[in-house]
Amino acid sequence: MAKRDRLSGNEAVAIALRQINPDVFPAFPITPSTEIPQYFASFVANGQVDTEFIPVESEHSSMSAAIGASAAGARSLTATSSCGLAYMWEELYIAASNRLPLALALVNRALSGPININCDHSDSMGARDSGWIQMYAENNQEAYDNMVQAYRISEHRDVRLPIMICQDGFITSHAVENIELLEDEEVKKFVGEYNPENYLLNPECPMAVGPYSITDYYMEAKRNQAEGMRHVSQVVLDVAKEFESLSGRAYGLFEEYRMEDAERAVVMIGSAAGTTKDAVDRLREQGEKVGLIKIRLYRPFPAAELAEALKNVKAVAIMDRSEGYTNHGGPLGADVMSALYRAHADALAVNYIYGLGGRDVRVQDMEHVFEALKQMIKEGDAGETYRYLGLRE
Amino acid sequence: MAMDISKLGVKAGWKELTEGMVIAGAGTSKEFHTGEWSTDKPEFVEEKCKQCLLCVPVCPDSCIPVSDMKRGAFDYDHCKGCGICVKACPFGAITMEGVK
Amino acid sequence: MSYNFKETMNKPERLAPGHRMCAGCGGTIAVRNVLRGLHEGDKAVIGNATGCLEVSTFTYPYTAWEDSYIHNAFENAGATLSGVEGAYRALKKKGKLDATYKFITFGGDGGTYDIGFQSLSGAMERNHDLVYVCYDNGAYMNTGIQRSSATPMYADTTTTPVGSVSNGKPQNRKDLAAIIAAHDIPYVAQTTFVQNFKDLHMKSEKAIYTPGAAFLNIMAPCPRGWRYNTPDIMDICRLGVETCYWPLFEVVEGKWVLNYEPKKKLPVEDFLRPQGRFKHLFKKGNEYLLEAFQKEVDRRWEDLKFRCSR
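Chains as they are written, first to last, in my numbering: chain A, 626 to 1018; chain B, 829 to 928; chain C, 17 to 326.
With the rest of the complex left out, here is chain A:
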């Protein structure tokens, strides 16, 4: 039985975590993710969870302790944003290379400098090659649903990799929306018990973690690690199917919105997809063949599936909420364009940088993007493929 409530994204994720009742939660506050450990600390204080909550002295330590706890055989996680994620940088790679299934509730925020507390994706995009699974949400409901599914994916025996559950800072983390929650018992049953194979606190057999690896092993170790990532997409789909039968809410690797006969499409990540859906609806009312693809699973990147979904599109705009400083676009742009290239697609493609540091994205802005795509098709040329949206000249 689902319960309806009005919750912020942070509160929704915190409730999912209460329902999961993880073993160890080390955390250090940083805006805008601070509320997640705060809400959770109140669950601990009121005996609603059995979790060991460890209020550490930095984000580097929160991820380090989460790694220690996970290796020890406990279900663990932490939460952070922005510079906190950057400070964990080396630890992200270590969690992944140790094949530790732990979770990170990330509330996306711009990286310094200049210091800014608002949303963009520069933090998680910086971590895109760290070996973590990355999953993004458009709204509070998705943030909650993704968190409930996180451990099923991360702990799957074919995967065993850490997972980052991302939502947009303030836009979803602090905005209150209507949301449907699952019953506590349903979540508990869905997530299940964590039973690792080898772990530090196994009285039957000790274990050593974190070796020095000479050149003879290092490259094979990296390929071995990549194998876990190759299984992620299928596991994500399987878990989503099971989740749908429980909740009635369907998820895939990405969402296709009004894409059936679309000639122009936008590909993007996160909350601005909601705004773009409004733009798509308005333009569809005027008979324009436009659609949206919203990436849910960004790592691993669903390249082949995405190229298939875009195969009949004449022009596509890829929206990056972070700079890449490549002089030719952002990270999502690079991923989508290489997917199109490999599929021998002939769609015209442009890459927009938008919404940095919390810059507003309005419906008119996205209508402007679809208009630009129309112009490209007319001219048969993409023109400048590295563009900014919503920038004052």
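Keep in mind that a hint or two might mislead.
For lysine to aspartate or glutamate, the following EDC-like pairs were computed, each having C-alpha atoms within a straight-line distance of at most 20 Å [stated by the list, open to error]:
1. C:Lys27 / B:Asp903
2. C:Lys59 / C:Asp114
3. B:Lys898 / C:Glu29
4. A:Lys628 / A:Glu808
5. B:Lys869 / C:Asp248
What the hints contain is simulated information worked out from the structure, not anything from laboratory work.
With chain A held as given, fit chains B and C onto it using these hints.
Quick look at chains B and C alone, frame taken from chain A:
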């Protein structure tokens, strides 16, 4: 279950490596013979030994086994010949070339 | 707790041979003797900061540890073991684990005094039930003998080399044991290798079995970095103690206790002379450097005696 490290030599293919490069088990370093590092080794002169065991804690390489409160023969498979035990023995029961 | 030397030596070895530390390394002498503080039957998880000890004792697929072991990174041994200890409490609370585990982490002075200082301080302040052991050899030995904040004044290191206008490291050594004692944790001790290892053993056992956070600072000479005759390690340690350069003390629930006072305090040059890193101090005209070194040793010794007299 302790892993069999004999399959994890430097020629092992990527599928053979352990997930996360963890080793389930303990003390697998015994398979690695650091005794080959040096030719100089301490000699145990058993008749001079009073079994005081003062040589035991000073060994950096756990090469002086003890059982039933008595030390046994040096583990030459692993002894690196540092000579610390020679100096630790009050009875001259350990000798080594060049160490007084 | 009492000390029966032979029984202690008769305990099963918890650090296996075949690790790749240098011949004569003080680090593994420290580790072996600390681990003997564990009671038989008790299990342990050992943590380790990156450093000589880590790269040499768990070189894939060879682990020298007879207990569970985790190396994470250089600067986070305190936080990593905090997480392991948190997992232990959580699994106990949920009824998923019966066995008794103890938690001990090792770091060199680089991973402890310097880059891992914040993580150590956090773990101590939160009072996790674990022991942090620093094997202090007074420089970053793994990367090739660079100075650390544990390096004594005037030592010749590769980043404070002695030169025509340099007398080695210009600064004093940081007093880390006192800093950790200022965290008001249940147990802090400083020790090294002397006689039959009673001091080190008793302190290790106390640290392991005192509930809450404990810190051990162990002077563990490095023959390569200190440039002394490798077999002489026990003499070097004895001279460190007899000159009061490395006093043996403990801080139990905030109470400072001096464990050993030499009958006749030896001049610090007796400790410095056998070490190549201090060779320049014995050149003609450098007597004033030795005087300054002695003055600092005396000041710290008097200060320690005062703390212990209260």
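Checklist line | Restraint status (C-alpha distance of B:Lys869 to C:Asp248 at most 20 Å) | finding: 16 Å, holds
Next item on the list: Starting from C:Lys59, check that the Cα of C:Asp114 is at most 20 Å away, please.
Entry: 11 Å, holds
Notebook entry, point to check: Are A:Lys628 and A:Glu808 close enough, with their CA atoms no more than 20 Å apart?
Noted result: Satisfied, since the Cα-Cα distance of roughly 7 Å is no more than 20 Å.
Checklist line | Distance restraint between C:Lys27 and B:Asp903, which requires alpha-carbon spacing of 20 Å or less | finding: 17 Å, holds
Next item on the list: Starting from B:Lys898, check that the Cα of C:Glu29 is at most 20 Å away, please.
Entry: 14 Å, holds
Violation of the numbered hints given earlier is absent; every hint is satisfied by the structure.
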